[in-house]
Each structure stands twice: as structure tokens, then as C-alpha cells.
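S.K.: Residue strings, one per chain:
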Amino acid sequence: MINIILAILSTAGALAILFASIGILRMPDFYLRLSVTVKASSLGVGLLLICAAIMFPDDASVTTKSIAIIFFLFITAPIAAHMIGRAAYFTGIPLWKGTIVDELDGMYNKETHELKSDPKDAIHKSTGKEDDQIAETDEETR
Amino acid sequence: MTLGTYFDFVILPILTISVILVFIRLFRGPAIVDRVIALDLIITIGIGIITVYSIRQNQKVLLDVAIILALIAFLGTIAFSYYIEKQKDD
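Listed in order, the protein sequences are those of chains A and B. If you use the numbering used here, the first sequence corresponds to residues 215 to 356, in order. If you use the numbering used here, the second sequence corresponds to residues 20 to 109, in order.
Treat the hints loosely; a few may be bogus.
As the list claims (entries may be wrong) - Derived SDA-like pairs (lysine to any residue); straight-line CA-CA distance at most 25 Å:
| # | chain 1 | residue 1 | chain 2 | residue 2 |
| --- | --- | --- | --- | --- |
| 1 | A | 339 | A | 323 |
| 2 | A | 330 | B | 104 |
| 3 | A | 339 | A | 329 |
| 4 | A | 334 | A | 317 |
| 5 | A | 324 | B | 54 |
| 6 | B | 105 | A | 226 |
| 7 | B | 79 | A | 339 |
| 8 | A | 324 | A | 306 |
| 9 | B | 105 | A | 278 |
| 10 | A | 253 | B | 76 |
| 11 | A | 253 | B | 91 |
| 12 | A | 253 | B | 83 |
| 13 | A | 253 | A | 278 |
| 14 | A | 253 | B | 77 |
Said to hold, decoys possible - Covered stretches of chain B, going by a simulated chain A footprint (3 or more residues, C-beta under 8 Å):
| # | segment |
| --- | --- |
| 15 | 23 to 32 |
| 16 | 45 to 58 |
| 17 | 70 to 76 |
| 18 | 80 to 90 |
| 19 | 93 to 102 |
Since the hints were made in silico from the structure, they are not lab data. Just so you know, even glycine gets a beta-carbon here, dropped at the ideal spot from N, CA and C.
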């Protein structure tokens, strides 16, 4: 019985990690790649660590370490993803060409690195298709 | 089919193929931020591989390495994004 539970958990974890890696290879845009990989890989590694915690039931240290790693991953992965996405937007990585709306457009002050939240405070908002961050072709972001 | 052979012949090959796919993105990646998240994902998959390996070999000590790797991945991504953001300032 416990073997079936372990097999199901580990298969789900490994498949989540596989989908994350297919996503990072196939998604058309840096921001889409980021949003795919962080969530799916956290889920996959979490399931594999739960597997390890079930596998050694008579040892409390393994359970503690597994829970510690899961907790640490779930705390730090969104922070790291947010910081690298913010850095990418500042350095002008283009968005996918099918992007409908770019709500951050003009909201970041590029000198002081401050974020405005009200659309009325937007500074040098892009005027047309030429100077926004949305890519014109697929090859720019691939 | 026992659970051990299932781990050896299904789970570990899936994780290995995942690392290879992410490595293609690390090699190709058009911008430097693509390479940073590919490196982060490779380390995260490495935590999973270490976990499966410690299950198979009955070595509980290997999970300590996984803790350290999680820390290093976080610190590396934070440092990279900090300096990439500073890059165009001057």
C-alpha cells in the first residue's frame, strides 16, 4: 500500500519537473518561461521530498530536513523569480509579440528604480508600437 | 516490479532528460536572464535527483547537500539579478 503511494507521488513529482523543463525550452518569451518553471519545479521537488519523508518513517531527522527544504524552497523561489523578472524588465528584455497589454509600461522610474502604482503618475509612457517593450517578431524573444 | 527498480528505471531517467532539456536552454538562451533561470532550474532539479538518490542508496546524509544547494541557488539568483539591475545605471 505504501509502495503505491510512493510510486504515485514520485511519478507526479518527476512529471511536474519534466513539464517545467519542456516549458523552459518551448515557451516563446522570457517572462512566460519564468512563470512556468518556478511553479512547476517547486511542486515537483516538493513531491519528491515528501516521498523521501515517507520512505524513512523511523527517522525524524529525514522528515525534519525534508520539511525544512520544502519550506525554504517555497519561501525563496517566488522572491528570486520576482527579482530576476524585475531585473529583466529594467534591462529591456522584450515581451512576446502576442502580448495584449503591458501594465508596467511607464510605471517604473528607470533612474531611481521606483514603481508607481497609479496610471496617472506614469512617466515617459510609450506612445506607439515602435518604442514599447513588446516584440515585433517571434525571433526577438526566442 | 519493485519500487527500487521503478525509481532506477523511470524516475531517474525522467529527471535526467529534464536536466538535458534545461541545458539546451542554458546553452541557447538569447539573453543573460534566460541563462540565470536555466541555471536556477538545473540546481532545483539537482535537489530532486539528490533526494531520489538518497532514497535508493539509503543515505540520509545526502539531504544535507540538498539544503546547501537550495541556499546556493537562491543566493546566486539574487546576486545575479542585483548586478544585472545595476548594470545600465552609470
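S.K.: Does each hint hold? Answer for all of them.
M.R.: Do the hints match the structure? See the list:
1. Among the hinted pairs, residue 339(A) with residue 323(A) is consistent with the structure: their alpha-carbon atoms are about 11 Å apart, no more than 25 Å.
2. Of the supplied pair hints, the one linking residue 330(A) and residue 104(B) holds, its CA atoms being roughly 18 Å apart against a limit of 25 Å.
3. For a cut-off of 25 Å, the pair hint linking residue 339(A) to residue 329(A) stands: about 13 Å separates their Cα positions.
4. With a CA separation close to 12 Å, the supplied pair residue 334(A) and residue 317(A) stays within the 25 Å bound.
5. Taking the CA atoms of residue 324(A) and residue 54(B), the gap is near 24 Å; set against the 25 Å cutoff, the hint holds.
6. Restraint check: the Cα-Cα separation between residue 105(B) and residue 226(A) comes to about 40 Å, which exceeds 25 Å; the hinted pair is violated.
7. Of the pairs offered as hints, the one joining residue 79(B) and residue 339(A) is violated, with about 55 Å between alpha carbons and a cut-off of 25 Å exceeded.
8. Taking the CA atoms of residue 324(A) and residue 306(A), the gap is near 11 Å; set against the 25 Å cutoff, the hint holds.
9. At most 25 Å may separate the alpha-carbon atoms for a hinted pair to count; residue 105(B) and residue 278(A) exceed this at roughly 38 Å.
10. A threshold of 25 Å between alpha carbons decides the hint, and for residue 253(A) with residue 76(B) the separation of about 29 Å lies outside it, so the pair is violated.
11. Only pairs whose Cα atoms come within 25 Å are accepted, and residue 253(A) paired with residue 91(B) is accepted, the gap being roughly 19 Å.
12. Between residue 253(A) and residue 83(B) the CA atoms are separated by roughly 23 Å; this keeps the pair inside 25 Å, and the hint holds.
13. Between the alpha carbons of residue 253(A) and residue 278(A) the distance comes to roughly 23 Å, so the proposed pair stays at or under 25 Å and holds.
14. For the given pair, residue 253(A) sits about 29 Å from residue 77(B) by alpha-carbon distance, which is inconsistent with the 25 Å threshold.
15. Note: the segment 23 to 32 of chain B has 4 residues with beta-carbon separation from chain A under 8 Å; the three-residue rule is met and the coverage holds.
16. Residues of the segment 45 to 58 of chain B with a Cβ under 8 Å from some Cβ of chain A number 7, which satisfies the need for three, so the listed coverage holds.
17. Interface restraint, the segment 70 to 76 of chain B with chain A: holds (4 residues with C-beta to C-beta distance below 8 Å; minimum three).
18. Check on the segment 80 to 90 of chain B: 6 of its residues sit with their Cβ under 8 Å from a Cβ of chain A, so the three-residue criterion for coverage holds.
19. Counting residues of the segment 93 to 102 of chain B whose beta carbon lies closer than 8 Å to any beta carbon of chain A gives 6, which reaches the threshold of three, so the coverage claim holds.
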